[in-house]
Every structure is written in C-alpha cells, then in structure tokens.
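Letter by letter, the chains look like this.
Number of protein chains: 2
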Amino acid sequence: MSERSEPELTLADLGESEILARIFPRLPESSATLVGPGDDSAVMKAPDGRFVITTDMMIQGPDFRLEWSSGHDLGVKAAATNLADVAAMGARPTGMVVSIAAPATTSVTFMEDIADGLRDACLELAPGCGVVGGDLSVSTVLTLSVTAFGDLGGREPLLRSTAQVGDVIAVVGRLGLAGMGLAALFAGERAKARASALQAQLAPLPPISQGVIGALAGAHAAMDISDSLVMDAGRIARASNVVLNLDEHVIDDLSGQLAIELGIDAARARQAILFAGEDHALLMTFPASVTLPEGFLAIGFVDACEEGESPHVALGGTSISENGWNPYAGWNGETS
Amino acid sequence: MSERSEPELTLADLGESEILARIFPRLPESSATLVGPGDDSAVMKAPDGRFVITTDMMIQGPDFRLEWSSGHDLGVKAAATNLADVAAMGARPTGMVVSIAAPATTSVTFMEDIADGLRDACLELAPGCGVVGGDLSVSTVLTLSVTAFGDLGGREPLLRSTAQVGDVIAVVGRLGLAGMGLAALFAGERAKARASALQAQLAPLPPISQGVIGALAGAHAAMDISDSLVMDAGRIARASNVVLNLDEHVIDDLSGQLAIELGIDAARARQAILFAGEDHALLMTFPASVTLPEGFLAIGFVDACEEGESPHVALGGTSISENGWNPYAGWNGETS
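These protein sequence lines map, in sequence, to chains A and B.
As numbered in the UniProt record's numbering, the first sequence has no gaps in its residue numbers, which increase by one up to the final residue, 336.
As numbered in the UniProt record's numbering, the second sequence has no gaps in its residue numbers, which increase by one up to the final residue, 336.
Check each hint, because a few of them may be wrong.
If chains are identical, the list can't say which one is meant, so a pair holds when it fits in one copy or spans any two.
[What the hints assert, rightly or not] In silico SDA-like cross-links for lysine to any residue, where the CA-CA straight-line distance does not exceed 25 Å:
| hint | residue 1 | residue 2 |
| --- | --- | --- |
| 1 | K45 | L34 |
| 2 | K45 | A239 |
| 3 | K45 | S209 |
| 4 | K192 | L66 |
| 5 | K45 | G128 |
| 6 | K45 | T162 |
| 7 | K45 | E29 |
| 8 | K192 | P62 |
| 9 | K192 | Q257 |
| 10 | K45 | S161 |
| 11 | K45 | E124 |
| 12 | K192 | I260 |
| 13 | K192 | G61 |
| 14 | K192 | Q271 |
| 15 | K192 | A259 |
Think of the hints as simulated: they come from the structure by calculation, not from any bench.
This one's a predicted model, so the numbers in the text were calculated from it and none came from an experiment.
All chains should be modelled from the sequences, with the hints used to inform the complete structure.
Listed below in structure tokens is the structure:
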C-alpha cells in the first residue's frame, strides 16, 4: 500500500455523542447555569424572576458562504448576532443553546472551529455567558441556529415602542462597515478590502456590554441595527408612533470618516451608513437630559408626528424611504 | 388570455414582515409572557428564579419527508419533541421560540399549516405555553429549529443522574409505536398501517403533563425516550452509575399488546418496544414506596452495579446491548 496522509475525520465517522464530547469542552460555561449540558434540558438562573430570549438562524448561501467564512468566523457571528438582540433589551447575556446541522462530510475540525468561535465571542463580548445546550443534525445545507437569553437585573426591558418625543437618538457601534465588507466580498476584492470591514461582516464584535450601560444611563428605547439604520429606525418610529429625525451633519461626518477609513467615495459611504445592515450597532433613545455614556454618539432627535403624518424616519427634516435586508428578496451585492 | 387558477402565494412573493404578520396571529400566546414577539427579544416570567431550556432541530430528509408529513404534522412534531424535553425535567412548558428556514418557493399556506400545528400541539399538550419569538430564513432544505423553556415551580429538576438503587423504573406514554409507523412509511405501506402508529411517528402527542405529575409524586430521575427505551435507559444507568433492570414479563406483555394493536408478530413488536425511538414517552425512576401516578407503568428496578460491573441496562437480569438512533449513521428503515 502506498503511503498517504491520514484522511480528515468527518461527522460521518463519529457518533453524535462522540462529536459532542469533542465540542462541549471547547465551549464556555455560563455562570448562570444550575444544570448544564447533558440532560434533557439545561436549568438556568433567572435572578429577578424574568429572562429575555431571542433566536436567530444562519443559513449557508443567503447568510454566509464557506469561501468567505471560516468555522471560527461562523461561530463568532452566530453568537454575536444573538447576543446583540439580548443587549438591545438592556439585558446581560447569560447563556445560549446552539443547534448545528451540517453535511455528514463536514470535518470534525471545522465543527471544533465553530465551537471555538462561539467561545471566543462569548469571552470577548459577554463574559459569564456560555453555551448550555444544543443539538447536532445532518443536512446538506450548513445551518446554525442560536437561541440566546439574558438577565435584566431588575430593570425594565428597553423596547422599540417606548421612544419619547424629545429623546436624543444615539448609536453605539459601527455603521456601514459590515455592508462594505460584504460588498468587497461580492466584488471579489477581498485582497484589497480593509480588515475592519471584512471582520465586521464575517466575525462581528458588536458592543454587547453597552446594552446594560445604556439601560443604566436611562435609555427609553433600544434595538440592534441588523437590517440598516434607516430601516431599523423606522421600526422604532412605528412602534413608538414618532418621527426619528436623523441629523444630516452627523450622518455626513460619519460618512466622511468611513470614506477615509475604507478609501471609498463619500456618497458610497453615506449609502452604507444609512442603508447597509449586519453591523449590530445599538440604536437607543435617551431623555435629552441624560449625558450619553462613553462610546454613544448622538445622531438625531425624536419628534412628534404632525397632524396627519405617519411615523417615519427623516434626515435633516425630510422623510427618507426605508431600505434594508429582506431575506426572501436577497442581497444583490450592492450596499444601496 | 386563457383563464387559469390563481397561483399560490409563496414566501418569495411576500416580505419577511408580511409573512410573520400572517403567521403570528395563528400562534398561541404564552401566559408567562411579559414582552411578546416583535421586539429584539421576548421577556418571560421565571417565577421561581430559574428556567429550564432545551433545543431541537428537524431537517427535511433525515428527520422528515414531505411525502409523508403535512405542514401541520411538522408543527406538531417540532413542538412535541421539545416539550417532551421540558417535561422530562419535571417542568411545565411556558414558551418556545421557533426558527424556520424554507425554500423561497414554499407556499405561504404551508407555513400557516406549520404554525397551526405548533398551536395545536401547545393547546393540546401544554396549555399556557405559546410561541414568543422566532426567525424566518430561506434555505433549500426545510429546517425547523425550536427552543422550548419551562418552569419548575420551585421543585428540584428531575435529572438523569439521580436514579437510586431500589427505585422502580416506570414509563408513561407509548413505546414502539412511532418506530412501527416509520417502518410502515419506509415500506410504502402507509395505506394499511394503523392510524395510531402513523400519528405517533408524524404528529406525536407525548404525555407532557405527566412530567410535572411524576415530579410531584416524588420521582428521582427522568428523561424522555427519544432514541429507544434501551438506549435512553442506558443514559440514566451511566449518569446515575447503576443498572436499569427491565422486567422481561412486562416487556413481553407490552410487546404482545403492540403486536395485537398493529397486527404484527410479537418478536417484531418486542424489537420496537426495546429499540425504536421517537415516541417521547417519559422514563422515570421512583422510590419503591411511591404509588405510581395514573398512566405510569412499572417496567423494572434500579439495581446496584456489582463489583467490577459497569452501569448498563439489563432485561430479566441479563445485560442487553444498546441500540437506537444515531443521526449521522442514519435510520435504515428497520426497527431493529
């Protein structure tokens, strides 16, 4: 027999329990766990008698491509997008359950990389948050489904429906960066794209801890910007029955900075700031009397709907149409 | 132009928010909801300061086939399998989040049928439990991911690791029925299969409320039988470091009853009772002093491991090898 390198172990080579035995030791433990992985359910602490819970699925094709994303990237992104939804309630993430469906030919190493990404995202973004359960399945389409949960620490949750007229609109985290990263990937320009844009798209690290900080500072409303600043601001506007009036000078400043950072023209940067998604920045509204916490940038004011006017988003006082991500229509590779 | 019937609306025809607007009104509300669907996360009550949480994914192909399952069936099964994992902790299910990835060509009616199945399972199996959030994605492989959670009502959770020597082993719910339903489907014999077996496989209604009843009666340990009686009993045996000794006369009686119900021979029924999965009966151990609650059947005793003996499952005192469902090896259509 000729010598050859050892073929890589795949999921088909191992049973589910053996794969789990390799993956679970790589995952972070949650400090809120009473009963961890390995039973029919986990048991978690909910110290104030409540918990927040959110779920999000990532599908190979519409949500990621394996030419672009490593297993580690996918783990980071699956965790980060869900943690952002917990943070957007003003809550501290305490744990998550993770289901992964993968082709039987997937290497065990790749699954371990996903686990490492989940771990690194939790350690970096939400210390104390861990993976407390999950499920492994076989599918021809690699699919990650995460459900994350968290603790409000006795505070009221930050909703989309509680923005008040006179509030300052503020954002913490980046805008437009993930969208420009995706545009570079679609254009086949990964080599010359900025690392910051690629990371924002492939393995985002949104400002999770700022969710609690914003809540403690007295925020009225919050959400995470997953679809686009304008589209998600529109959701707050409708839920709160108000107008979110963005300051065009601030948007111009942000656009200029992004243009310089990425070496693109300002018009393109402005489109990305307003209409690109997946940055998972936190959008909040605060009473005007509040001193914004460090890292938050004021980007506008909440106005009342005038007589006969519907809730909407305005830029410099002029209504701006909402655009953003629709998973069934699909992303065309452009940021506008 | 020739007359033709209106083409059915598909997911591609509607935006995500319009699809959600059609689905959410069909779903049951949870009585434990503080903030329901529509924000970044839901907020749930956890009255005793804890919650149990479990997740399970169903994939078109390995887990179901659309020639066999209706949308309603899939909704029922996705809910029931997760509710069973909550019940197996001795907890009352309070809610679930549901992610569905479907081809863009999927009809909106089919998605509504899934929602109706989720609703009917909750209403039938766990009144007060509802769907509090979810996610819709597009995928070429229909995928349902459910995370369910529940309330222990101040009790200790029922674990796999807390069976005690001298306990009575009891089961509530059916054994072997779902496996025989699957065997009939694989054999192309749906038309002559018993309705009870097909329902157990396609739209199971496991004894969810018995989880709390067993806990209140004083059960020491519990799990749900998803892979097979022998395989799952083996998990309790190893977690508790004991021998689960099944009574062969009781197994013979159950086999005889199943054989008569389904019109199959007793040997085949016995294989299904011992080695077939997906019935989601609850397997519990109780102190010998306990009068078993109605519906529970004693099927054996928990024995100590003798000197040098590993934890295992025995039938009539003789060790029996564990077999059951391995998602990466696949089901070959047989029940043994």
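Status of the hints after comparison with the structure:
no. : hint         : verdict
1   : K45 to L34   : both (7 Å within a copy, 18 Å between copies)
2   : K45 to A239  : between (31 Å within a copy, 23 Å between copies)
3   : K45 to S209  : both (20 Å within a copy, 23 Å between copies)
4   : K192 to L66  : within (19 Å within a copy, 46 Å between copies)
5   : K45 to G128  : both (12 Å within a copy, 22 Å between copies)
6   : K45 to T162  : between (28 Å within a copy, 20 Å between copies)
7   : K45 to E29   : both (13 Å within a copy, 23 Å between copies)
8   : K192 to P62  : within (24 Å within a copy, 42 Å between copies)
9   : K192 to Q257 : within (19 Å within a copy, 70 Å between copies)
10  : K45 to S161  : between (28 Å within a copy, 20 Å between copies)
11  : K45 to E124  : within (22 Å within a copy, 28 Å between copies)
12  : K192 to I260 : within (15 Å within a copy, 71 Å between copies)
13  : K192 to G61  : within (23 Å within a copy, 41 Å between copies)
14  : K192 to Q271 : within (20 Å within a copy, 62 Å between copies)
15  : K192 to A259 : within (15 Å within a copy, 69 Å between copies)
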